[in-house]
Amino acid sequence: MKLTFPHMGNTYIALKALLDTLQVDYYVPPTGSRESFELGIANSPEFMCLPFKKVLGDLIQGLNHGADTILFGNSRGQCRLSHYGDLLQNILHDMGYRFHYINLNFRDLTYGEIRNKLEPLLPGGISRARLFSAVSSAVKTIFAVDDLYSEACGVRCRECRRGDADLAIRRFEQRAKAAKGFSQTRRLIRETKDRLAHVPANGAADPVKIGIIGEIFLCSDPFTNLELEKKLGNMGALAVNTMSTSEWIRRHFISAILPIKPKDKTVRAAQNYMHTDYIGGHGIYTIGNAELMCRDGIDGIIQIYPFTCMPEITAKSVLNEVQLQNNVPIMTLILDEMTAETGYITRLEAFVDMLQMRKNRVRSRFG
Amino acid sequence: MKSHHGAGPSKLKVIGIPEGLMIFEQKQLWKKFFESLGCHAVCSGHTTKRIMNSGIEMCCNETCLPVKAFTGHAASLCGKADCIFIPRYASVCSHEKSCPKFCGLPDEVRISLNNKIKFLEIDIDFNRDSQKTQKSLDLLAGELGRSPKTVRDAFDSIVKPGLAAEVSPNRSCSYEPGAPVLAVLGHPYMIFDRLLSMNLIGKLQDAGYRVMTPYDVRRSVRRKNVAPFLSDSFFETGLDMLGGAQALVNLPELAGMVYLSSFACGIDSLVLEIIEHKIRNGRRIPFLKITIDEHSGEAGFDTRIEAFLDMLPNTESIRREKIV
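Taken in order, these protein sequences are the chains called A and G.
So the number in this note's numbering is just where the residue sits in the first sequence, counting from 1, plus 16.
So the number in this note's numbering is just where the residue sits in the second sequence, counting from 1, plus 87.
Treat the hints as calculated values from the structure; they're not laboratory data.
Check before you lean on any hint, since a few could be wrong.
Claimed, not checked - Okay, the calculated bits of chain G under chain A, using three or more residues with CB under 8 angstroms as the criterion:
1) 113-122
2) 194-201
3) 355-366
Every residue, glycine too, gets a C-beta built ideally from N, C-alpha and C.
Take the sequences, apply the hints, and build the full model.
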């Protein structure tokens, strides 16, 4: 038995360590591979959303490399993610692949659910305590990796020599692929953090702060969002990503195991504009995060989502109002497989330049 | 809150009902509902070029054509009504859900219209939380100056049974065995709207075919046909299409299928794939996919339909019959 799973941003680092610990044989599809993406595009329905195409591509790569078991899931929300599983299996079957499909329920992702679904994979079985500790370590690792990346964003926009932070992250990614188990991964994260802390920073730098909101897969996956965080950083802007994998874990895993569900302040903030708490996917968080960031003081916001994403379109139609009420510019970037990187860079540059000029104007008036 | 019973005066006298999206099918229900509460209800009527253009101007660019037309319908009611009623359809029965755009529709339209008119809404979410409906009905009762009980009773007796009606109000024709049939699939507010569909059904009928839609099949049959299908909850229109297509594909007289979809429709991207998959692996029926948006030209649309009809087997005999 050999397991494969699709990529979503940097989750593979934690997932790999988890599977190492559980001693499951696995194959990680190549990261940032245009080839697997093309495979996904060629075999997906035309108007299906970008994450689906990316996921399908990764799975095809995995099956081509000897995997016979797929680890993925289904949600039960209002968006198309709830039917990814069925459609993926249909398409892969039609392509002639035979495989076993492990369907995690993303809506109710508890320890019990993970145990039920993973247990058959482990020939010797696994004790409840060991699984509990392994899954907890994986969750911790996801948080640590996200923390590392957001730290890199903070360093990148202030570094004296362009590329220092990128180099540290690139080295981290290379070595993370070879790392085995949690302790090695954790050590690697610590070392990289150390390295980032020693990057010489320009003390006088006053970067514009740009919030990233939108569809979670695109926000957290540097390959599909064409390295948005990195590009903004290298233009001298501080990127604040509200939708990371750890955010997903917090909303779907941690809230599923909590006995009391706390009131979500992001949802509450969105209710000035949407008189409901759910518009499918993470649409309501897009609006809520935009509003919260505006209140906390941010220079600009970028909404990013895949073409035809239904919840985000609904959110977008309201963002114009958020923009007017708070006087904070919001730019929407819609990506699909046809997006050309150069045009994308031009739009980002124009946005960052505009924000910088805006900031300077305010400063010269009041400062 | 002052409560009135029976046909007391309400604060909001004229309620505007935009005829688009889900209300397209259910406008009679909502009209009756408000009339029973002593209000006067005005509908926006058929989609016109003017309604559509005003909607296109006001809406966020990325949304789909039916939502744009809907916004146009709402805008056309400003001046004619005291307030506009838009229900928030999340799901009309358990294990079914609607397009996510419907969940935010009242807010979307309110913001597109710059808050220039009052809006009334009702939450309909029977899959996740039917309590929500009760709460929103109580709010509505306050707005209308009625007792909550009157409004709840009116909703339960008039609207609720019709939300998942067995027989659709938009049946395209009565079915006569023998005549060659073309199945037209698509969301009801697309295929039955003459302007949005560019009169697709009329054109096919003029060409001598009997047109059938999934809405000619009873709802329970539509649902039964998709029974072993997909995971536990699915888009309502998706189920209608899948179940309807499955029922229609078994008609011996079926000559072809046309799927009319609006550009960038998320639900259709899924449903189309599944229907095509079924047709490819089952009885091989000629299948035409047409995607339209506000930039579609009618001449190109007609050409595609003609080409499709010419390609169908036995078209000659139908044509000849029609000329004779």
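Any hints from earlier that this structure breaks? Give me their numbers in increasing order, please. 1
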